[in-house]
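Protein chains in written order, with the working numbering: chain A, 1 to 407; chain B, 1001 to 1407.
Accuracy of the hints is not assured; some may be wrong.
As the list claims (entries may be wrong) - Using 16 Å as the maximum straight-line C-alpha spacing, the simulated EDC-like pairs for lysine to aspartate or glutamate come out as follows:
hint, chain 1, residue 1, chain 2, residue 2
1, B, 1349, B, 1310
2, A, 347, B, 1054
3, A, 349, B, 1403
4, B, 1347, B, 1015
5, B, 1369, B, 1049
6, B, 1369, A, 33
7, B, 1404, A, 118
8, B, 1347, B, 1308
9, B, 1331, B, 1288
10, B, 1131, B, 1161
11, B, 1331, B, 1015
12, A, 187, A, 101
Rather than coming from a laboratory, the hints here were simulated on the basis of the structure.
Remember, predicted model here, so these are calculated numbers, not experimental data.
Number of protein chains: 2
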Amino acid sequence: MTLDQLYSQLTIPCEAKLVLAVLDGLGDIATPEQNRTTPLEAAKTPHLDHLSQDAVQGRMDPVAPGIAPGSGPGHIALFGYDPIEHQVGRGVIEALGLGVDLQAGDVAARANFCTLDDNGIVTDRRAGRIKTETCQRLCDQIAQKVKSIEDVEVIIQPGKDHRFVVVFRGPGLGGPLSDADPHREGKPIPTAEPTGGKDTTADKTARIVSQFYQAVLPIIEKEHPANGFLMRGIAHQPSIPTFEERYRLRAASIATYPMYKGLAQLVGMTKLEGSQTIEQQFEQYLQEYNQYDYFFIHFKPTDMSGEDGDFDAKVRAIEEFDAALPTLMRKAPDVLAITGDHSTPCKVKAHSWHPQPVLLSSAYSGTDKLGRFTETTANGGSLGLFEAKYLIRHMQANAKMFDKFGA
Amino acid sequence: MTLDQLYSQLTIPCEAKLVLAVLDGLGDIATPEQNRTTPLEAAKTPHLDHLSQDAVQGRMDPVAPGIAPGSGPGHIALFGYDPIEHQVGRGVIEALGLGVDLQAGDVAARANFCTLDDNGIVTDRRAGRIKTETCQRLCDQIAQKVKSIEDVEVIIQPGKDHRFVVVFRGPGLGGPLSDADPHREGKPIPTAEPTGGKDTTADKTARIVSQFYQAVLPIIEKEHPANGFLMRGIAHQPSIPTFEERYRLRAASIATYPMYKGLAQLVGMTKLEGSQTIEQQFEQYLQEYNQYDYFFIHFKPTDMSGEDGDFDAKVRAIEEFDAALPTLMRKAPDVLAITGDHSTPCKVKAHSWHPQPVLLSSAYSGTDKLGRFTETTANGGSLGLFEAKYLIRHMQANAKMFDKFGA
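Please model the complete structure; the sequences and the hints are all you need to start from.
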């Protein structure tokens, strides 16, 4: 029996409300440049401090020691799925980020316009970074003329500058394929081919991609500089057991950015739309309180300020989240977890491998008496250092969703 | 995809210098007899204290909870290899310890002289612990007369008292074999036979061992008490992916004892020879700084004093290491890890299972603000308690050797 099977076997229906609040990229490091202080330590967080009075803490490896995850694996782990087993292709992530409503079995690819010479050689992989408006116009033209190939629907979604996304939707598609991208200038566009061994679904996708090229290239051949295009990360949306199947939880996402809504949708959460601020997101939780068992609430500004290396902005983002917390607590969830999907230290200016701090509060959590919630206090918490994929299990346990194991 | 495969896939070339400094047997326990103090706590360590200002800490299980490792598994884990998967035979370890320059595919055995009666029955398994000089003389005699068997070169290396090592070097050898040792007196020497299932390489080794007995016994039959010999731990040197293959790191060892040089050589590190003291070892690092990416620096006295149960000597050993640290820091490595290969508590007078403390410092480590580096401070570090085989992954991450995982 696997551990997952054991958890499933022990799971009993939920009578509690669970909230996972993710401050994206929350974790940070205390460096000499920052006066050996992290944004969480520097921020004034009276409501988090108050919560920590009756909460436990710990730190989580998003994937494994030393590995800095993208948003995909970071969230897949927070949702309780093994992020190495359930890898989400870059095309899928990009499509989710552009708000494409992906369905199980869809194949998605990151694409961008490029410049080809008369012999089909790539002379500029980014087509001079054409303007977003030009990209939109070209995508519209293509979308009008290439609506389907064989029994496969084609969905084109323009992105920023020269970038766009292509989604193929139809029966029997698979992946992954190799990139239709030479990855440097002076070469022709290679054919996308199955990379995962013998697989008729990938073969079909390769055929569709090839026909897509034959259909699209004539449409843009008179354009300059965007008379060609490249495709990368061609992969199908993995089929992942839904939250309800796996945890018996009716789950909803309250996120403001398309990518996080999309990642939540990948595991079957209902997207609750319309909120812009964390205050509004918590309000929306109050309104939907009765409809769901589990709410994933995603807060983006911490990650953005970390990526910018802007310590003060990260402090302000944390304080903004903290200031909104009383709204959430008007209907305090039975189980509340507050954490990041990974660390984005200001010094690193990127996602990092440093374990993110996590706070867990419920009537049954007990308290680690740590006074505040920071990276350093979390080091001393009773949850210890654990893999992020187990957070949901801690939450379920605190929601009294597990029978005793054995007699 | 396995975790190891993921690490490999994410690895990018190294532009940093990494140093692993191992104080052998560093970890200790605070007992009433020791006034509830460990040698690390009792030692004056101004330079370690200074390092800990901008470092993180944790504790490492050398193998798994409760397991006290030998030097082999202890170091194999520090080098990032699973110590259960990559077991190094006792013959190999013994040969390395005696300074035999082992090559991949060599079969090594621990051997010792014994006393046989007229019927070939073992009457003294240690031949009265003959003097080292006698052992050397007998080994010389054997080595002169038995230089090869079939196409296999035979290498004999005398050890202490009645002990020696036999190495077989040639094509198609394998192991392991059962011991040519009854493990008690009153029995004949059993035949060494393959124990790992059907394997023609082990069959060949068994044949060579049998012929080795036939060749050697007549040479020493007139000796008394050393007219026979036993062989144990007959195994081939495992083929382990080298450091460079596995981590893309050009690695060198700066160790003073043959066994640690040999263990480093097992994973493909270059042996840098000549240093006697830790001060000299750090000097050698400075000289070779540009030639390698990764340096393994091994310091033995902490383990010896632990084995002796000599608290004060262990304190002095730690202080000797600390006093030399400024030499290392003249060219501060980008990533520095300081730890043990296991604990050797003075009270236990042997290797133990207690997790060893580890300190990790880099520009991206952040700090746990622990002030000192001891077993107790390490308990509060952000690295938590982890398996020693992941230390290299933490070091690689801090060296910026990993791409982000997923989008």
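task: With a cut-off of 16 Å on the C-alpha distance, tell me whether residue 1331 of chain B and residue 1288 of chain B pass.
output: Holds: residue 1331 of chain B and residue 1288 of chain B sit about 11 Å apart, inside 16 Å.
Holds or violated: residue 347 of chain A to residue 1054 of chain B, with C-alpha atoms at most 16 Å apart: 14 Å, holds
Restraint status (C-alpha distance of residue 1349 of chain B to residue 1310 of chain B at most 16 Å): 9 Å, holds
query: Do the alpha carbons of residue 1131 of chain B and residue 1161 of chain B lie within 16 Å of each other, as the hint requires?
result: Holds, because 5 Å separates the two Cα atoms, which is no more than 16 Å.
message: Against the 16 Å threshold, does the CA-CA distance of residue 1347 of chain B and residue 1308 of chain B hold or violate the hint?
response: The hint holds at about 9 Å.
- prompt: Given the proposed pairing of residue 1404 of chain B with residue 118 of chain A, does the C-alpha separation stay at or below 16 Å?
  reply: Since the Cα atoms of residue 1404 of chain B and residue 118 of chain A sit roughly 37 Å apart, the hinted pair is violated (cutoff 16 Å).
message: Tell me if the straight-line CA distance from residue 1347 of chain B to residue 1015 of chain B falls inside 16 Å.
response: 43 Å, violated
- prompt: Is the Cα-Cα distance between residue 187 of chain A and residue 101 of chain A 16 Å or less?
  reply: 34 Å, violated
message: Given the hinted pair residue 1369 of chain B and residue 1049 of chain B, is their Cα-Cα distance within 16 Å?
response: Holds, at roughly 11 Å.
field: Distance restraint between residue 1369 of chain B and residue 33 of chain A, which requires alpha-carbon spacing of 16 Å or less
entry: Within the cut-off at roughly 14 Å; holds.
task: Would you mind confirming whether the straight-line C-alpha gap from residue 1331 of chain B to residue 1015 of chain B stays at or under 16 Å?
output: This hinted pair holds, its Cα atoms lying about 15 Å apart.
message: Checking one constraint from the list: CA of residue 349 of chain A to CA of residue 1403 of chain B, max 16 Å. Satisfied?
response: Roughly 14 Å between the alpha carbons, so the hint for residue 349 of chain A and residue 1403 of chain B holds.
This entry does not satisfy hints 4, 7, 12, going by the numbered hints stated previously.
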